[in-house]
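Novice: Take the given structure of chain E and dock chains S and A to it, following the hints.
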Amino acid sequence: MENLLEVKNLQVHYETDKETVYAVNGVSFTIQNGETLGLVGETGAGKTTISLAILQLLSERTARIPKGEIYFKGKNLLDLGEKEMQLIRGEEISMIFQDPMTALNPIMTIGKQIAEALRLHNHQGLSLSEIEEKVDEVLKMVGIPPERKTEYPHQFSGGMKQRVVIAIALACEPQLLIADEPTTALDVTIQAQVLLMMKRLRQQLGTSMILITHDLGVVSKVCDNVAVIYAGEIVEYGTLRDVFSGKVHHPYTVGLFGSIPSLTAKTRRLQPIEGLMPDPTKEVQGCRFADRCPHVREICRRESPSIFAEGSHQVKCHLFREEEKHA
Amino acid sequence: MKKRFAIVMTLIMTFSLLAGCSSESEQSGSAEENKLILGIESELTSFDVENGDFALDFVIRRCLYEPLVHVDPVSGEEEMRLAESYTVSDDKTVYTFKLRPDVKMHDGSTLTADDVVYSLNLTKESSYVGKNLSAMKQARAVDDHTVEVTLNAPYAAFMKNLSMCFVLSAEAHRAGTDAFNEEPVGCGPYKFVSYENDNKITLEAFDEYYRDTAPIETIEIRMFADTSSLAIAMESGELDAAAGINPVDYENVVSNDNIVVDEIATTKFCMLSMNEETEPFNDKKVRQAINYAIDRQFVLDASREGKGNPTSLLFNTAMTCTEGVEEYEYDPEKAKQLLEEAGISLPLTLNTKLSTYEGCKTEAEAIQESLANVGINVEIEILESGALYGGLASGDIPFSLTRLGTSAVDPDQYYNMVSENGFSSLNYSRYVNDEVEELMVQARSEKDEEERDTLYREALEIIQDDAPYAVIYEMPDLNASVKNLNVNWGLNGMYYLYDFSWK
Amino acid sequence: MYKYVIKRVLLTIPVLLGVLLIVFTIMSLTPGEPARLILGASADQAAIDAFNQLHGLDATFPERLWNYLKDIVTDLDFGRSYRSDKPVFDMILGRFPITFMLATLSIFFSAVIGIVLGVVSAVKQYSKLDATLTVTAMIFASIPSFWLGMMLILGFSLNLHMFPSHGADSWQSYVLPVLTLAVSAAAGLLRMTRSAMLETIRMEYIRTARAKGASPRDVIYKHALKNALLPVVTSLGISFGTSLGGAVVIETVFSIPGLGMLIVNAIRDKDFPLVMASILFLAALFCLVMLIVDLIYAFIDPRIKSKYLN
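Protein chains in written order, with this note's numbering: chain E, 1 to 327; chain S, 1 to 503; chain A, 1 to 310.
Isolated chain E, as found in the complex:
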């Protein structure tokens, strides 16, 4: 089966007059049809940058992509021009953002905002009334009464607003949905509702999804595969089972999981992760996690670790190279 999305060795830098920020440093992953990938990591790890790069919504002035390819249905998105990207955005790849309070235009009715998505991609030449019908459909799909389409965003609660955002994103039935922390800004109870809805829609429409989050609980409910991102690199990648209950883990992942018990016997003790992510404006030699790693070796500071793969599970760490040697 052909990959829906294949990201290869993606690098993204932000260049200002003063300095260069090395935001994404060689990231690769794939997504199949119908699959949900969770991108997990701290703030500043580069998760949002990766998703914006896919949609080519990075700041024109400062963002540079010196290396890498992003294949969507076989075509390299980085080769496409703005007009071609506009056709893809909203129609084949959609994105929803973190804060529903500010994601909607406050002086436009939600019906109009949904309709806009439809009109921008109106290849079938639907009439205005047909578009309106579709808007109603989409609203019903996310559980909002269609009569409310003439209302304004401020008349909706946080959770309802997020549903509207989702409605806009899914109106054209895209094949890939990128959701950047969709529930972080919502209360826990609403979170569950929205997640459930997203799951249902995903099944209904067969949409693939990239779910960006730092909440492992969310990941466990919704994702098929997981990628752990640290300082612009994927340090661990695998299926849900691999990452949650696999034999080996990247020390960072261990820190993330904290008190979640492992299903296997080889449980690592709970350890807080000391320190902060390295300064992204400085080029790094060796492993980026070295300063915070409880298992740091001399080689970690010298050489960038290569990937240790075990079936579908990948870990980028010198530890396992060694173990393999010793095994």
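Since the hints were made in silico from the structure, they are not lab data.
A couple of the hints might just be wrong.
Claimed, not checked - So the derived label-pair ranges between C-beta atoms look like this:
#: 1; chain 1: E; residue 1: S129; chain 2: A; residue 2: M1; range: 27 to 35 angstroms
#: 2; chain 1: A; residue 1: W66; chain 2: S; residue 2: E341; range: 55 to 63 angstroms
#: 3; chain 1: A; residue 1: K226; chain 2: E; residue 2: K83; range: 20 to 28 angstroms
#: 4; chain 1: E; residue 1: E84; chain 2: A; residue 2: V9; range: 55 to 63 angstroms
#: 5; chain 1: S; residue 1: E182; chain 2: A; residue 2: W66; range: 32 to 40 angstroms
#: 6; chain 1: S; residue 1: D178; chain 2: A; residue 2: R8; range: 33 to 41 angstroms
#: 7; chain 1: A; residue 1: N52; chain 2: S; residue 2: T349; range: 57 to 65 angstroms
#: 8; chain 1: A; residue 1: M1; chain 2: E; residue 2: L196; range: 38 to 46 angstroms
#: 9; chain 1: E; residue 1: S129; chain 2: A; residue 2: K226; range: 49 to 57 angstroms
#: 10; chain 1: A; residue 1: L16; chain 2: E; residue 2: G125; range: 53 to 61 angstroms
#: 11; chain 1: S; residue 1: N252; chain 2: E; residue 2: D17; range: 51 to 59 angstroms
#: 12; chain 1: A; residue 1: T25; chain 2: S; residue 2: E381; range: 43 to 51 angstroms
#: 13; chain 1: A; residue 1: G56; chain 2: S; residue 2: A153; range: 52 to 60 angstroms
Unchecked claim - Part of the chain S face toward chain A, derived, beta carbon under 8 angstroms:
#: 14; residue: S46
#: 15; residue: Y128
#: 16; residue: G130
#: 17; residue: A175
#: 18; residue: T177
#: 19; residue: E182
#: 20; residue: N197
#: 21; residue: A225
#: 22; residue: E235
#: 23; residue: P247
#: 24; residue: K336
#: 25; residue: E381
#: 26; residue: E384
#: 27; residue: D396
#: 28; residue: L426
For each residue, glycine too, the CB sits at the ideal point set by N, CA and C.
Specialist: Only chains S and A this time, still in chain E's reference frame:
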């Protein structure tokens, strides 16, 4: 982008074409159209004969209305106008005027004595121009064409003052002042056409005027808020004549080949007042010292580009009674000597007050310099004109710099400046001298011209010696006109547009 | 909605009353008698007294205030000018159209120039165009308007004979004064629009619109601009008020017989009735303009509209 640029350029060019077209035709057409566009820096109070005393109020009156007689301000020569002839009673208190029977009003009616009497009464009761008829006790119509005016006492300058009183249509005015101002009716050489936007007045020659019809058919008067705009409008060819150019703009205006600028003598003058009821001005020596200490030519050069007549005489030098009266020459040594004699310890600090409205600031600074040379430090304080005049009227201001002018060119106009009766009006220096008082009251009713002259000269000599004021200069009006316009600016702002014509 | 409008209109009354009291007090307390100012320096005491008696100026301050208020309330009589003896409202209404025209035209042009260039500047942020526009705007905002007016007269009237230097007769005579006022106001509007746009462009919903597949152009006109206009509209309203004031200076430079000049002369003469009526008129006008601005605001921003309706 290119297309938009082209459109914008086309618009700009069309715009400028249109703009250029109309303003040009307006200017060059004046002479052909027999039209005069006059610019003046003045406000207008009203179109009647008694409200207001701005320069423009008088210009209009000389167009729309007629006086009984016109008297030359300096020579005193009399020219009959509405009055055909007049007689004076032996005691010089009753003047009887015979009116011309053929004078038509702008509305077609004929002038009668009623119009004259009505107008004289209006004038007398006016707070603005009433002083011109302060000598009059009453006026009455003897018959339709005869008017009898009775004075309180013989008043030599009566005819001069009468020439500044104008006659309007009693009937039209009785109908209501507001209505009259919309459509004034008089018997002057021009009749009212329109008053637009509060700044443009249009008049038309009255073809039934009792003398020859005015040479210029249409008059358009434009009112300006300040002299610079006036000068610019004159320079750019938008005006045919401009009354009241500032010395600062003089060079610019006169450098234009097509423009002529005339200097017209006026009674306007600039002076320092020194309140005798306060120290140190209670000492005559101090007042004289200040008169000696000021370099008047220097002040004139500094503030008015030298345009004016430096003088220390209180009475206007155009009048014959000023001949031979001694002036204070610039003599700082003498000034220092007098100050010493007066026992003044130097340096002396004085505070002088000026009004914002008059704009004498440059003069003040030049005077400050002059006086500094003799050890007097002057502080300049600028007051709002209301405050200044209120203070002067109540005698609270020891030292002030102001400008004044008189309406008629006659020594009696200065009476209020030197008499106790003028304490709440013009006597800023609170000067009292019984001899001067006597002389001026006597001269007021003196019938014989020569005798009158002598009396005023005597009074002036005493006044100059007492030095209640330090007069700095007399200033002329600077009036501009285009070369091909015949002008007659008269004297002291008394000009008749009737006398203007195109060459 | 009507209730809101009526409430605002009623609120204007205490505002005007306050203005009235303040102006009346200031005029009464500052030195200088109207009689002396109007009749001239050479008037004698008798004339002054007659004048004061005629206009009731010899009464005490509370008496004068009471009489003034009484006349307004019972007859809507705002009095006659001390100087010209014409009913004050006739005078004001006669001069007002010109000033209104001046202020409106300059607001209109300043809005067009300022907003358009502000948008351009914001959209092309960091470009040379943006830098040029920002610097130009700063220069024009700092230039005093009377100086600019005089320079325009020197250039266009004196040297090029393109436009008249004074008066309000033809449409040409409005060009230079409107230009002077508009340029100064436009500079401020440009900067306000630019910063409002820049702020709006950084908003999340702009990103959402782009993620939908909207072109950058769509995003600017359909989403950013309308939102950015909210603070700009308020600014325009206040600008109108300032224009009415700025008109005074411009009217003097260009010798335009508008309300501004009328007020200045009236204040100088301490012509009480005229000053009071003129300032009340302007205050009422300003209140009206602000009310309209608020209503427009509600019209544009549905969040405000629902607040008013409730």
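Novice: Look at each hint and say if it fits the structure.
Specialist: Hints and how they fare:
1. The hinted window of 27 to 35 angstroms between S129/E and M1/A holds, with their beta carbons roughly 30 angstroms apart.
2. Between W66/A and E341/S the beta carbon distance is about 59 angstroms. The supplied range of 55 to 63 angstroms therefore holds.
3. Remark: the range hint 20 to 28 angstroms for K226/A to K83/E is upheld by a beta-carbon distance near 24 angstroms.
4. One distance hint, 55 to 63 angstroms for the beta-carbon pair E84/E and V9/A, holds here, with the actual separation near 56 angstroms.
5. Separated by about 34 angstroms at the C-beta atoms, E182/S and W66/A satisfy the suggested range of 32 to 40 angstroms.
6. A hinted range of 33 to 41 angstroms for the beta carbons of D178/S and R8/A is consistent with their spacing of about 36 angstroms.
7. N52/A and T349/S have their C-beta atoms about 36 angstroms apart, which leaves the hinted 57 to 65 angstroms range violated.
8. Taking the beta carbon of each, M1/A and L196/E are about 41 angstroms apart, inside 38 to 46 angstroms as hinted.
9. Remark: the range hint 49 to 57 angstroms for S129/E to K226/A is contradicted by a beta-carbon distance near 25 angstroms.
10. Hint check: L16/A to G125/E, Cβ distance near 59 angstroms, so the stated range 53 to 61 angstroms holds.
11. Taking the beta carbon of each, N252/S and D17/E are about 52 angstroms apart, inside 51 to 59 angstroms as hinted.
12. Separated by about 25 angstroms at the C-beta atoms, T25/A and E381/S break the suggested range of 43 to 51 angstroms.
13. At about 34 angstroms, the CB distance of G56/A to A153/S disagrees with the hint of 52 to 60 angstroms.
14. With a cut of 8 angstroms, the hint placing S46/S at the interface with chain A holds, because the nearest CB-to-CB distance is about 6 angstroms.
15. For Y128/S, the shortest C-beta to C-beta distance to chain A is roughly 7 angstroms, which falls under 8 angstroms, so the interface hint holds.
16. Because the smallest distance between the Cβ of G130/S and any Cβ of chain A comes to about 7 angstroms, under 8 angstroms, the interface hint for this residue holds.
17. For A175/S, the shortest C-beta to C-beta distance to chain A is roughly 16 angstroms, which exceeds 8 angstroms, and the interface hint is violated.
18. About 7 angstroms separates the beta-carbon of T177/S from the nearest beta-carbon of chain A, less than 8 angstroms, and the hint is met.
19. With 8 angstroms as the threshold, the beta carbon of E182/S stays out of range of chain A, its nearest partner Cβ sitting at about 10 angstroms, so the hint is violated.
20. A least Cβ separation of about 5 angstroms between N197/S and chain A falls short of the 8 angstroms threshold, and the interface hint therefore holds.
21. This hint holds: A225/S has a C-beta 5 angstroms from the nearest C-beta of chain A, less than the 8 angstroms allowed.
22. With a cut of 8 angstroms, the hint placing E235/S at the interface with chain A holds, because the nearest CB-to-CB distance is about 6 angstroms.
23. Violation of the interface hint for P247/S is found here, the shortest Cβ-Cβ separation to chain A being roughly 19 angstroms, above the 8 angstroms cut-off.
24. Taken as an interface hint, K336/S does not check out: its beta carbon lies about 33 angstroms from the nearest beta carbon of chain A, beyond 8 angstroms.
25. Interface hint status for E381/S: violated, as the beta-carbon distance to the closest one in chain A is roughly 13 angstroms, over 8 angstroms.
26. The restraint placing E384/S at the interface with chain A holds, with a minimum CB-CB distance near 6 angstroms, inside the 8 angstroms limit.
27. The interface hint given for D396/S is violated, since its Cβ lies 10 angstroms from the closest Cβ of chain A, which is over the 8 angstroms cut-off.
28. Taking 8 angstroms as the C-beta cut-off, the interface hint given for L426/S holds, the closest approach to chain A being about 6 angstroms.
Consistency note: the structure conflicts with the earlier hints numbered 7, 9, 12, 13, 17, 19, 23, 24, 25, 27.
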